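**Student:** Okay, here's what each chain looks like letter by letter:
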Amino acid sequence: MKKAALARSHSLRRQEQWIGYGFILPFTIGFIVFQLAPLLSSVAISLTNLSFISNLSGVKFVGLQNFISMAGDEQFTGALWRTIYYCFLFVPGVIAASLFFAFLINRNLYLRSSIRTAIFMPYVSNMVAIAVVWALLLDVNDGPVNALLRALGVENPPLWLLGEKTAIPSIVMIVVWQNIGFFMIVFLAALQNVPNELYEAAMIDGAGGFAKFRRITLPLISPTTFLLTITAIINSFQNFGPIQVLTKGGPGAASTTLSVNIYQESFVHYRIGYSTAQAIVMFVMILAITVIQWRGQKKWVTYS
Amino acid sequence: MRKIIVTSLAALLGIVNLFPFIFMLSSSFKPLGKIFEYPFRLVPEPFIWDNYKGIFGEQYKFALWYQNSAVMVVLTLALKCAIVSITAYAFARLRFRGRDMIFLLFLAALMLPGDATIIQRYVIYKVLHLTDTVWAIALPAAFDVYFVFLLRQFFLSIPFELTEAAIIDGCGHFRVFYRIILPLAKPALMTMILFSFVWSWNDFTNPFIFITNMDKQMLTVGIAMFQEMKSQNYALQMAASSLALIPVVLLFMFSQQYFIKGIATSGIKG
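Protein sequence lines correspond, in order, to chains D and Z.
Heads up: the first sequence is residues 1 to 304, going by full-length UniProt numbering.
Heads up: the second sequence is residues 1 to 270, going by full-length UniProt numbering.
I should point out that these hints are in silico values taken from the structure, not numbers from a laboratory.
If you're wondering where the values come from, they're calculated on a predicted model, not measured in any experiment.
Any given hint could turn out to be false.
[Claimed, not checked] Under the rule of at most 30 Å between Cα atoms (straight-line distance), these lysine-lysine pairs were calculated in the DSS-like manner: (1) D/Lys212 / Z/Lys3; (2) D/Lys248 / Z/Lys34; (3) Z/Lys261 / D/Lys212; (4) D/Lys60 / Z/Lys126.
[What the hints assert, rightly or not] Listed next, the stretches of chain Z that the computed footprint assigns to chain D, with coverage defined by at least 3 CB atoms under 8 Å from CB atoms of chain D: (5) 6-16; (6) 80-89; (7) 129-135; (8) 148-160; (9) 217-229.
[Unchecked claim] Across the chosen pairs, the derived CB separations fall in these ranges: (10) D/Pro92 / Z/Ala11: 20 to 28 Å; (11) D/Leu137 / Z/Ala11: 14 to 22 Å; (12) Z/Phe56 / D/Ser113: 32 to 40 Å; (13) Z/Pro31 / D/Phe88: 41 to 49 Å; (14) D/Glu164 / Z/Met190: 44 to 52 Å; (15) Z/Arg175 / D/Arg215: 54 to 62 Å; (16) Z/Val71 / D/Arg215: 51 to 59 Å; (17) D/Trp294 / Z/Trp49: 52 to 60 Å; (18) D/Gly22 / Z/Leu104: 19 to 27 Å.
Here a beta-carbon is modelled for each residue, glycine too, at the ideal position from N, C-alpha and C.
Chain D extracted, bound-state conformation:
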């Protein structure tokens, strides 16, 4: 009797094995086709001179030539610097703004959920719709923003998206505005986990608002800040969508970052091998940042 039950459970176990493979099969196929294959083939293609206009027989293995060419390619190095510049504006911007709003909403106030909705709304909105309306708001001659600035006595208001120097900061401003909602919600969750007793104890010790923020809040939410910083850095590299709809990388190449440059190399100049090599550089940079950050984490993150 017992033996029969054991045998039955054994066959059930064997069956479970195959059912398991069966259940994950569709996803695995999709994963291979849509994720693994593009990644692996990009490593191979980055070592060739593949191009959309030449026929396949003209494709040659060129070793690391594509990667070597990048060093002397001003279009690439320029795009690389603009990506880093974008990142340096975006990351502190979105972290500071969302922390500020999380702090504000975490306070004792009326209409909390309505105000939270108002801050969150841009996050679920369509980037193209956002780009269309911001292009009007920031219109150099007639836009309401510059009209307001002129009314305030600014004689030469900025060119915003059309200016060489102001294009990237303007894009970053809009993307920060769009993303505050997401970062704010994560910060809010962290703030609500800070035990109230700590603040009460600090108040008894006579600590002021800023001291409490610096000594209690900041250290206790540092794991969240850290995680969000990584998220923000990685997001900042993936900026093709917003830039393409806002400026197309212009004026000139003033807002052409790596992802926009990769698109132009492949779909405008048809240099597939070369642009793929650039994509790999971008991928490795994102990986490296993740690794460096995880290592550095121990140094300054306080876990309660």
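Dock chain Z against the given chain D, drawing on the hints supplied.
**Tutor:** Quick look at chain Z alone, frame taken from chain D:
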């Protein structure tokens, strides 16, 4: 008193934050010449519907793009629900050799930046004849590692005693999945559906790269193209953009708890 001051400051910032949307909606009911009127008028004077009538006129393809986007989103959601949930079930509640290794491999793909493999994906879709079809957008989106991870977490939290008896009684795993686990996972599925709806509806990059036929195009790219063609007709642009926003804004209004909770408890990616 302090509470009132903080509230008014926060409310003011909230309104400033919403101003682009207010401007968009208000302008979509104004004649072209009144859009840049200074100071800004909230209530259009005169109030007209012509812009909305205009974009649905015969010379534009907005109705078609709207329909394409809707079909794409429905297809994506249906495929994603089916594929992601059954995969998550296997990883959470079945034992098979290599399970954890395979799962880790999937998770590693989360680090893969989508912008970096866009050319290769274009080539692969071209070979599979997916470009210029709705499948180029819907199919890849259905294989979402992130939600396999989240649903697996959720399925793991369902007590195993609940399903063991059914399995011993000879109930197959598919029935256990379909009859017991899925009904319990409604909140998790709801979160996945809502986020996926927003992401798919708002997706610009994928249709921009993989669809070139304007009859097959999605609304987002359509609006961007329209902005280029009619670059001076801001009134029509505002009406078109407002229409693109309406589905997600409505959806969000009625389900914001799911969004807030989804982000706060699991940090769904940005």
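**Student:** Now look at each hint and say whether the structure bears it out.
**Tutor:** We went through each hint and held it up to the structure:
Between the alpha carbons of D/Lys212 and Z/Lys3 the distance comes to roughly 19 Å, so the proposed pair stays at or under 30 Å and holds. This hinted pair checks out: D/Lys248 and Z/Lys34 have alpha carbons roughly 28 Å apart, not beyond 30 Å. Using a Cα cut-off of 30 Å, the hinted pair Z/Lys261 and D/Lys212 holds, with the two alpha carbons roughly 27 Å apart. This hinted pair checks out: D/Lys60 and Z/Lys126 have alpha carbons roughly 22 Å apart, not beyond 30 Å.
With 8 residues carrying a beta carbon less than 8 Å from a beta carbon of chain D, the region 6-16 of chain Z meets the three-residue requirement, and the given coverage holds. Figure legend: the region 80-89 of chain Z, annotated as covered by chain D; annotation consistent (5 residues with Cβ-Cβ distances under 8 Å, at least 3 required). Using a Cβ-Cβ cut-off of 8 Å, 0 residues of the region 129-135 of chain Z lie near chain D, which falls short of the minimum of three, so the contact claim is violated. Here's how the region 148-160 of chain Z fares: 1 of its residues keep a CB closer than 8 Å to some CB of chain D, so the rule of at least three is not met and the hint is violated.
A stretch counts as covered by a chain when three or more of its residues have a beta carbon under 8 Å from one of that chain; for the region 217-229 of chain Z and chain D the count is 5, and the coverage holds. One distance hint, 20 to 28 Å for the beta-carbon pair D/Pro92 and Z/Ala11, holds here, with the actual separation near 26 Å. Taking the beta carbon of each, D/Leu137 and Z/Ala11 are about 21 Å apart, inside 14 to 22 Å as hinted. For Z/Phe56 and D/Ser113, the Cβ-Cβ distance of about 35 Å falls inside the hinted range of 32 to 40 Å, so the restraint holds.
The hinted window of 41 to 49 Å between Z/Pro31 and D/Phe88 holds, with their beta carbons roughly 43 Å apart. The given range of 44 to 52 Å is respected by D/Glu164 and Z/Met190, whose C-beta atoms sit roughly 47 Å from each other. Distance hint for Z/Arg175 and D/Arg215: a CB-CB separation of about 57 Å, consistent with the stated range 54 to 62 Å. The hinted range of 51 to 59 Å is satisfied by Z/Val71 and D/Arg215, whose Cβ atoms lie roughly 55 Å apart.
As the Cβ distance of D/Trp294 to Z/Trp49 is approximately 55 Å, the hint placing it in 52 to 60 Å holds. Evaluation of the 19 to 27 Å hint for D/Gly22 and Z/Leu104 yields a pass: the beta carbon distance comes to about 20 Å.
The structure fails to meet hints 7 and 8 from the earlier list, while all remaining hints are met.
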